[in-house]
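There are 4 protein chains.
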Amino acid sequence: MNDQASPSKLFFASDYMEGAHPLILQRLTETNLVHSAGYGTDEFSESARAKIRKACNAPDADIHFLVGGTQANATVIKSILRPYQGVIAAETGHVSTHEAGAIEAGGHKVITLPHRNGKLNADSIERCIQGYWDDANHEHMVMPGLVYISQPTEFGTLYSLEELTKISEICHRCNVPLYVDGARLAYALACPKNDVTLPDLARLCDAFYIGGTKCGALFGEAVVLPRHDFIPHFFTLIKQNGALLAKGRIAGIQFETLFTEVSAGSGKVSAEGVSAAVSSGETSSDETCLLYEMVGQNAIAAADRIRAALVQKGYEISFECPTNQLFITVDDTQKERLEALLELSFWEKRPDGRTVLRICTSWATDQRDVDRLIEIL
Amino acid sequence: MNDQASPSKLFFASDYMEGAHPLILQRLTETNLVHSAGYGTDEFSESARAKIRKACNAPDADIHFLVGGTQANATVIKSILRPYQGVIAAETGHVSTHEAGAIEAGGHKVITLPHRNGKLNADSIERCIQGYWDDANHEHMVMPGLVYISQPTEFGTLYSLEELTKISEICHRCNVPLYVDGARLAYALACPKNDVTLPDLARLCDAFYIGGTKCGALFGEAVVLPRHDFIPHFFTLIKQNGALLAKGRIAGIQFETLFTEVSAGSGKVSAEGVSAAVSSGETSSDETCLLYEMVGQNAIAAADRIRAALVQKGYEISFECPTNQLFITVDDTQKERLEALLELSFWEKRPDGRTVLRICTSWATDQRDVDRLIEIL
Amino acid sequence: MNDQASPSKLFFASDYMEGAHPLILQRLTETNLVHSAGYGTDEFSESARAKIRKACNAPDADIHFLVGGTQANATVIKSILRPYQGVIAAETGHVSTHEAGAIEAGGHKVITLPHRNGKLNADSIERCIQGYWDDANHEHMVMPGLVYISQPTEFGTLYSLEELTKISEICHRCNVPLYVDGARLAYALACPKNDVTLPDLARLCDAFYIGGTKCGALFGEAVVLPRHDFIPHFFTLIKQNGALLAKGRIAGIQFETLFTEVSAGSGKVSAEGVSAAVSSGETSSDETCLLYEMVGQNAIAAADRIRAALVQKGYEISFECPTNQLFITVDDTQKERLEALLELSFWEKRPDGRTVLRICTSWATDQRDVDRLIEIL
Amino acid sequence: MNDQASPSKLFFASDYMEGAHPLILQRLTETNLVHSAGYGTDEFSESARAKIRKACNAPDADIHFLVGGTQANATVIKSILRPYQGVIAAETGHVSTHEAGAIEAGGHKVITLPHRNGKLNADSIERCIQGYWDDANHEHMVMPGLVYISQPTEFGTLYSLEELTKISEICHRCNVPLYVDGARLAYALACPKNDVTLPDLARLCDAFYIGGTKCGALFGEAVVLPRHDFIPHFFTLIKQNGALLAKGRIAGIQFETLFTEVSAGSGKVSAEGVSAAVSSGETSSDETCLLYEMVGQNAIAAADRIRAALVQKGYEISFECPTNQLFITVDDTQKERLEALLELSFWEKRPDGRTVLRICTSWATDQRDVDRLIEIL
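Chains as they are written, first to last, in this note's numbering: chain A, 1 to 377; chain B, 1001 to 1377; chain C, 2001 to 2377; chain D, 3001 to 3377.
Chain A extracted, bound-state conformation:
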């Protein structure tokens, strides 16, 4: 089945190297000839919204399905900010570095703050906002109008519920909304060290998105606005930003599938069971979880095994990361050897000449590949 890929190399470079979870393709296939309305007003999208509202315990949430992460960030941020405002982000935030200037192209400054393993500190957020208002010249400056954080961060680290609560309190005390980029949210939700749930996000944030592209979908990000009409005319803004799918159902069907309950614990998804469950809204198993959570669990299980092997074999872990990304610092000899056998991600060159490499697992990681990887390590 995997005949076109190099058979000798193992792929741990990223979590968007394959298609979609098989259940998604199956569901797309079985609904293919159903007629439905365009632009996300179809029944599949409505059903997906209902499931996400339920999972988030946010009955009034507005939910929109966009295509990709940069697009979701740019559209949401631009739509929340007024022209005189900017968005606070970690200097390592995706919007600060890897979106080709999309936020600035939308007219807004990214106000960067120092990070610690990709995370912002609540106090530094407060100092930044307070500093603006305390500055006698603040009317000549960019007003902080939104706080952007990622869960997990670009370094794979997690905000604890306590940290997120504190950031949320500061934001709301300062009248600045909080937005969370959940491009890899499945891998946070599935992580045993994580204590932030979807209902927590809906309660503490003004906007967040549940990532699909990196979490088992062909594409798609579900933007959740817990308070109805928080962004007026957001539909039109989505359209204007080129982020509206004519066949909105294609995103809707994927999230409907991802937010269906499946049998957990079995370690294996039963396609037939899920498909029936998506349609009926029920599942026969006693122990269930959302497919979105199961997608994360596979990656986390693989990452945990790899992490243990790395420690055991004496690799230098660059920084602690409990989710599906692992970072190791290697010298040139190690680097060459690993890169001959593995597809990894280059992360950065250290001042001492050594290199940080990223190992990334996903919903699609095969445990046999993990075995082989551990052998190589």
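To be clear, the hints were calculated from the coordinates, so they are not data collected in a lab. Predicted, not measured: the structure shown is a model, and the values here were computed from it. For every residue, glycine included, the Cβ atom is placed at its ideal position computed from N, Cα and C. Some clues are possibly wrong.
Not everything, but these chain A residues come out facing chain D in the computed CB check (under 10 Å) [said to hold, decoys possible]:
{"hint": "1", "residue": "T97"}
{"hint": "2", "residue": "E104"}
{"hint": "3", "residue": "G106"}
{"hint": "4", "residue": "H108"}
{"hint": "5", "residue": "E139"}
{"hint": "6", "residue": "M141"}
{"hint": "7", "residue": "V142"}
Straight-line Cα separation of at most 16 Å, EDC-like style, residue types lysine to aspartate or glutamate; simulated pairs [stated by the list, open to error]:
{"hint": "8", "chain 1": "B", "residue 1": "K1349", "chain 2": "C", "residue 2": "D2135"}
{"hint": "9", "chain 1": "C", "residue 1": "K2166", "chain 2": "C", "residue 2": "D2200"}
{"hint": "10", "chain 1": "C", "residue 1": "K2349", "chain 2": "B", "residue 2": "D1135"}
{"hint": "11", "chain 1": "B", "residue 1": "K1349", "chain 2": "C", "residue 2": "D2134"}
{"hint": "12", "chain 1": "D", "residue 1": "K3335", "chain 2": "D", "residue 2": "E3348"}
{"hint": "13", "chain 1": "A", "residue 1": "K193", "chain 2": "A", "residue 2": "E293"}
Following the hints, put chains B, C and D in place on chain A, whose structure we already have.
Frame of chain A; chains B, C and D shown alone:
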């Protein structure tokens, strides 16, 4: 299979009411677990590009796969224009009316000209450009920097090769590039009255896109820039506009499939044959066409039958349209009767109180539904 | 004193060909070494604001001094509109034609409506707004978010109080603000046919500007927002748009002078008297008017004399215009003769080959030049 | 004459607290009724351009007169950059901090680098540009497209000719243009420690502006583009950015006056002499300098005297600054005492609780006020 749709209503409202051509889903499924690079640098996208270059007889063309039509238009237009320039379009052009101001949000004026059944006239384009340069105050005005037309137009009409050649000559004489929106290009290519081929478009235009969303794909538009590097750093501009897919392969696989040769004439696509053909690049049949053309043929055949029935039954055709859209002018009684049985598109209210309705066929139109529609008419 | 200008030609090309009303220069000179705060927070600007509020009978108005007309229009319009909105304007409106795409560069569509001698019709405004909301697809379109008109219009015509009241009522019923471009407002206020006063503008509009550049100032436009905080953080928006003067006093002093009461009727301004009046806020004369009104009166008196001469000598008046602009339709022979002796403005070429020329008077028009012009005519 | 200012307080808060150099007002007055063309095409502006070209030894330079600093920066930067590019600046650069996000509002990221007393280091510029191109993911990032520095910097410090030459070499080797903000350029040119001349700037930079607003003009900044047509259609871009003066002559006359040769050394400008010189282009004195240089000399002389007094009296100089700005670090007692008697600028709060205050001199600083200031110190 169609269990969720109302069984009593026929759907002729638009060409994006279903999923994708079955061969596309099949191909997505069979390639699903292949590992590949991100952002459109994968082998599937490369193969799709090669096939499109061949079909367009444009060996040096840059080809990028974007997600949707408004996005493709906004990204291409913004990327070609300099800040002091605007884009000429028909006042009925998609960019003029139905893109929620995306072109203006990108900083550019849409310079609208009168249309005739959705088409621009070469002379009026020349007068507009020449008028700008002749105006003593032109430095205070927006410079025409691009011409935008649609093939087929928003009214389903077609530019002839002679018309397109004349527009192209004027554009190039005036040093203004020409861009063609091909959201429904399959329905032009399949139309017997059409004499503009893909190589003609590649020869006469500076940029165009081959529509996927309305022509059998889940989503996706292939932007073709016949001259290499016509838009420098277009990759980054696509990213900045939120139009870059992390899993670029999902678009690539779809276009690779659409640009595969399939047996023509059989009136039926053989899934197995196509799938083998996509992989091998060959087809065993003597009579072949691209799947993209076949997708159009089904719609045109259906539209032709409906058109003949409309004429025969004395319906007032609002304006001549040879492709997959038909427009009829009806009074309120007719309107009510039709809308009870059919899903059609409201087009406009005429000053005399009557209504123009649109009947739209697609790659997915079932000829049995056409039979029933003709009966109802 | 006028040694550098061609002595043989008369200048009636525009109303911005000279410096400033002498009293303005005098006032700038006498206040030159006073220290004051920057960015318009100085005492001169405060005094100017107080005088304008009084003249407009708008005690709560926010008033900001910007530099030029295009800048004022772009800054105000951009600041009022949300990203999904556009501004309604006559197709001949300054924002539609002669601002080099500044409104679109700010991200917004100019929704153009047909005009009659430069004026919009209240009903067509209503149809446009209502048409948007009635359209089933309006979420895919640009929402009318502001109405822009000019008083006097670009054709020198005037909205009557009745017309303006009707437009204002429609705007407010539709929840769309009304903005008036008063680049040449002095010439409206001084016109006997005008019945729209400054308090009327402040009562009926949500924003307007009192033009300085074309009405006797070196530069400067006073943006009046009758309701306090109608545009939140407008100061920062002005700065961001490059429209904030570090030496804001230079604009403030000019408007303070223009809104000082001077002796009317004398046909001549007494520099000493005005200067004292600006400082003390009082004038000794019984019959007074604002210097801003007097500036207009000189132009209107000159235009009236020229108009009468044109009619008497059988020139074809292109269209009725009661203010400081006169439009005549001439054939090529007339055109050549006039242009040899006069600096006029080319307006447009008529389809019949004749030309419309504009004769423009101003605060600076010398009545002896009017004598000579009438002789030439 | 100075009756409206508080007699008991001395003003050293900034260099834009007064009107204009008296010769400018005189020249505006004597040319006031001359007719001239609009939008900077007048004879005064042409003459000013010729004088600036000569002073810069840049015979092909394009020169445009804009209104203010933020406006000049935003318009130039936006016009040079392509959408995928950003501008490198010190984190303390005016564009980074005090322009209310104008650069980002124009669609571009300000790529900030660390500073040393307001200055960028050539090597860190090179690392930034090189780092972009070396990054495997650079197509997802903002390309450095321009380098912005200020001379003098926002801290009043100066780039030496050697430093500027090195930065220029790096920029041109990397194919990135160099832009210099000369808001306070007169104070650099007049500084004995400065070795960068106007011809040096024209030779080493791709664009710079000669500041008027803070250097003796009512307003105005002369943008110099040493190579003709470096920014195509810049006139239209200026208009679009609301930066085009209808009465362009008002800026032209000011720069024509500032770039007139006046008797140097006399310590006093003879108004009559200058005025004749502006008109005739000649001056009778043997020892001459440009009025623009003389404007700077007054400020530098005052600053030098104050600096010497500060050192002598044991004040802590916050950092070395050779131009017209002086920074002292004071405790709360000192601060209160000084602020009771002086108008100074608050600069920043130090972590140790002390305050940095700025003392600023200008073209308008009266040496008697310097005497009184030194007494107070």
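Evaluated hints:
1. T97: 7 Å, holds
2. E104: 4 Å, holds
3. G106: Holds, because the Cβ-Cβ distance from A:G106 to chain D comes to roughly 8 Å (cut-off 10 Å).
4. H108: 6 Å, holds
5. E139: 8 Å, holds
6. M141: Status holds, d = 6 Å.
7. V142: With a closest approach of 4 Å, the A:V142 hint holds.
8. B:K1349 - C:D2135: Satisfied, since the Cα-Cα distance of roughly 10 Å is no more than 16 Å.
9. C:K2166 - C:D2200: 13 Å, holds
10. C:K2349 - B:D1135: The hint holds at about 10 Å.
11. B:K1349 - C:D2134: 11 Å, holds
12. D:K3335 - D:E3348: 12 Å, holds
13. A:K193 - A:E293: 14 Å, holds
Every hint, counting from the list given before, is met by this structure.
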